[in-house]
Every structure is written in structure tokens, then in C-alpha cells.
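The chain contents come next:
There are 4 protein chains.
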Amino acid sequence: MDIDDWRRQLRTFAVQRHWEQFHTPKNLAMALSVEASELQEIFQWLTPEQSFQVMSGQRACDVEDEVADVMIYLLRLVDILGIDLERVVAAKISRNASRFPPRGLSPS
Amino acid sequence: MDIDDWRRQLRTFAVQRHWEQFHTPKNLAMALSVEASELQEIFQWLTPEQSFQVMSGQRACDVEDEVADVMIYLLRLVDILGIDLERVVAAKISRNASRFPPRGLSPS
Amino acid sequence: MDIDDWRRQLRTFAVQRHWEQFHTPKNLAMALSVEASELQEIFQWLTPEQSFQVMSGQRACDVEDEVADVMIYLLRLVDILGIDLERVVAAKISRNASRFPPRGLSPS
Amino acid sequence: MDIDDWRRQLRTFAVQRHWEQFHTPKNLAMALSVEASELQEIFQWLTPEQSFQVMSGQRACDVEDEVADVMIYLLRLVDILGIDLERVVAAKISRNASRFPPRGLSPS
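Residue numbers (my numbering), protein chains in the order written: chain A, 1 to 108; chain B, 1 to 108; chain C, 1 to 108; chain D, 1 to 108.
Source of the hints: derived by calculation from the structure; they are not laboratory data. Beta carbons: idealized from backbone N, C-alpha and C, even for Gly. Do not take every clue at face value.
As the list claims (entries may be wrong) - Output of the computed footprint for chain A on chain B, the stretches with three or more beta carbons under 8 angstroms from beta carbons of chain A: (1) 3-17; (2) 60-74; (3) 87-96.
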């Protein structure tokens with residue numbers, strides 16, 4: 001996956017549709033949250049066990065679709081804000097490694 | 001960015017901390033939504049104009065931190081569900097290109 | 001508005017449809033969050049000024065519908081958890097009054 | 001619970017702190033969603049069974065606090081938009097009664 005290439009593609013896509021006026025960082029953060037919520041909506045009435053089977057059910061395509069939307073808005077947001085996604089993820093993984101030494105019993 | 005490498009790293013990280021019991025698809029979708037909401041919380045009282053300045057303000061690190069958390073939970077979720085992130089994003093971009101021909105006046 | 005009466009009505013409604021199995025506190029908290037997100041979705045691309053006109057536009061009924069859904073899931077959640085909604089709201093208003101003396105310049 | 005009285009109280013509270021500038025419908029819808037997400041965050045790693053015990057645990061006060069925040073922002077939003085909360089909830093309950101006849105097997 002070439003993050004920079006995707007950022008450029010999505011930027012051009014927005015420019016060609018005159019969507020830059022809508023793509024403020026605030027609106028993109030809202031849109032990202034809305035898409036993440038649409039993704040979780042698929043899981044809301046499922047048991048933990050049923051949630052593992054979601055990709056063999058009727059809503060598999062919806063899951064893929066919402067996952068893609070989350071990723072797309074995240075890429076737009078980091079592009080607009082000039083954030084290096086790879087750097088911040090690597091930094092967070094390494095910070096988590098110090099905060100939670102192996103064999104901890106509960107997630108953050 | 002090597003998505004597969006990150007997926008592996010995060011998987012090992014979870015296994016070493018016995019977090020697999022918590023990482024059901026349902027819980028990961030919730031966690032993703034919670035992190036996306038923490039990201040938008042940073043923007044909630046800002047004007048559209050102020051939101052463009054967020055990376056030169058006091059909360060720049062918080063923005064980076066929440067962006068990383070969103071990406072990390074998205075990677076965990078696609079790993080658990082066996083979703084090919086690159087494929088679904090590419091498919092969605094191409095679907096959007098048909099749905100919204102260039103020069104449309106409003107975003108989806 | 002008689003909160004207790006509504007709580008009873010909604011409880012009976014759930015029981016008659018065998019929905020109690022789905023109405024765990026965790027699922028209701030998710031559902032509440034999903035509905036609040038559907039409400040904010042209506043506003044996501046609007047300017048602050050446009051957002052004041054939403055009730056004279058095409059989506060006025062959607063706003064009312066989502067507002068009702070948020071209230072309904074909040075009532076179900078406090079009912080299941082045995083929370084006295086009036087007491088906790090009154091307590092929070094009085095706590096906010098101490099935390100934010102009049103004439104503060106920014107919201108929490 | 002006197003909804004109108006609370007709406008007036010919260011309106012005065014906002015005016016006295018010069019918060020009206022922040023309380024656009026768009027920002028209030030965001031804030032409502034953020035609070036609902038903070039509420040669900042408390043439940044995110046719990047099993048369905050554990051979620052029933054949340055009010056006897058360490059986070060009981062957090063649950064009450066977030067429940068109050070959701071209600072407060074909902075009241076501010078309906079006040080700003082001129083929505084009659086009782087009317088829209090009653091309308092939705094009666095619509096749900098037609099949509100889901102008793103003994104349905106799954107929630108909406």
C-alpha cells in the first residue's frame with residue numbers, strides 16, 4: 001500500500017469535485033467518526049461469538065465498505081493536516097510497548 | 001507503509017499481552033469508534049478556520065495520538081476479520097469515481 | 001414528561017418483542033452512540049450558519065427521528081442500570097456550576 | 001422531570017458563560033456524540049455479563065456522569081432547534097409499535 005499515492009489520488013478526487021470547501025479538518029474528523037460508527041452499527045446486536053462470523057454473513061460487503069470509508073477519511077484528514085501517518089503509528093506502537101509490558105492482563 | 005508487517009506486529013503485540021480474549025470484532029469496532037470520537041472531540045468547539053490551525057496548537061500531539069489509535073484499531077479489525085485493506089479501499093475509490101462524476105457540487 | 005412512565009412503556013415494549021436478550025447495558029450504550037452519530041451525520045457537511053436552518057430544510061424529520069432514538073436508548077439504558085436520570089442530571093448541572101463560574105470564556 | 005425548566009436552566013447557564021457562540025446545532029450534535037462515545041468507552045472491553053455489573057464497580061460514577069452529559073447536550077440541542085422532545089419521543093414510540101409488532105425476533 002502506497003500511502004502517499006492514495007493521499008494524492010484522494011486529494012485530486014476532492015479537488016475535481018470542488019469538495020475542498022467541505023473538507024475542513026473539523027468536518028473530516030466528524031465524517032471519520034460517523035463512518036466508524038456505521039461500521040460498529042453492523043455489530044451492535046451481535047454476540048461476541050456472532051461477531052467473528054460477520055464476514056460469512058449478509059453484511060460482509062457492508063463491513064468492507066465501512067472499513068474503506070474509515071480508511072479514506074483518515075487519509076484525507078492526515079493529508080489536510082500534513083501528518084505523516086507512518087511516523088505517528090510507529091511512534092504509538094513503540095509507546096504502547098513501553099506502557100504495556102508483555103503479559104499485562106487487560107487492554108488500555 | 002507495509003500493511004502486512006504492521007498487522008503482524010500488532011497481532012504479536014496482542015498475543016503477548018493475552019489481549020486476544022478482548023479483541024473480538026465487535027469490541028474492536030467499538031474501540032475504533034471510540035478513538036475516532038476522541039479525535040473529533042479535539043475539534044468540537046473550533047470554528048472551521050481554527051480547525052486548520054490545530055497542528056500548530058497545544059493539541060497537535062493529541063491529534064497525532066488519536067490518528068494513530070484509529071489506524072491501529074482499524075488494522076487489528078481487518079486482521080481479525082481477514083479483510084484485505086488495500087483491495088477494499090481501491091474498490092471503494094473506484095466505486096466513488098462512478099457515483100460522483102467530477103464537478104459534483106456536494107460531498108456524499 | 002413523565003420519565004418513569006416512559007421507562008415502563010419502553011420496558012414493556014422490549015419484553016413483548018423478546019428484545020431483552022439484546023438489551024445488555026453494553027449493547028444499549030453502543031446503540032445510543034450509533035444513534036447520536038446518525039444525528040450528527042445530518043450536520044457533518046453544513047456550515048455553522050446552515051446548521052441553524054436545519055429544521056426548515058428537508059432533513060427536519062430526520063433530526064426529530066434521531067433525537068427521539070437517542071432519548072429512547074438513553075431511557076432504556078438508565079432503566080436497565082437502575083440509574084435515576086433526574087438525580088444524575090441535577091447533580092451534573094450543579095457540579096458544572098462550580099467548575100465553570102459565570103463569564104468563563106470557553107466551554108469544557 | 002420538568003423538561004422545560006431544565007431547558008431554561010441550561011440556556012441561562014450557557015448565556016452567563018458566553019457559550020452561545022459555541023453552541024451551534026452542529027457543535028452540539030458533535031458534543032452529544034462525543035459524550036455518548038465516552039459512555040460506551042466504559043463498556044468496550046466488558047463481556048455482556050460484566051456490563052450488567054457496571055453500577056457496582058469502580059466506574060459507576062463515570063457512567064452516571066456520562067449519562068448526565070448526554071442528556072444535557074440533548075436538552076441544549078432541542079432547545080436551540082426548537083424541538084418538542086416529548087412530542088418527538090411519543091411519535092417515535094408509536095411509530096415503532098407499528099413497525100415492530102409484538103413477538104418480533106430481532107431489534108431494529
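Here is how each hint holds up against the structure:
Counting residues of the region 3-17 of chain B whose CB lies closer than 8 angstroms to any CB of chain A gives 7, so the stated coverage by that chain holds, three being the minimum. Restraint check on the region 60-74 of chain B versus chain A: 10 residues with Cβ-Cβ distances below 8 angstroms, three needed, restraint holds. Coverage of the region 87-96 of chain B by chain A holds [criterion: at least 3 residues with CB-CB distance below 8 angstroms; count 6].
Consistency with the previously given hints is maintained throughout, with no hint failing.
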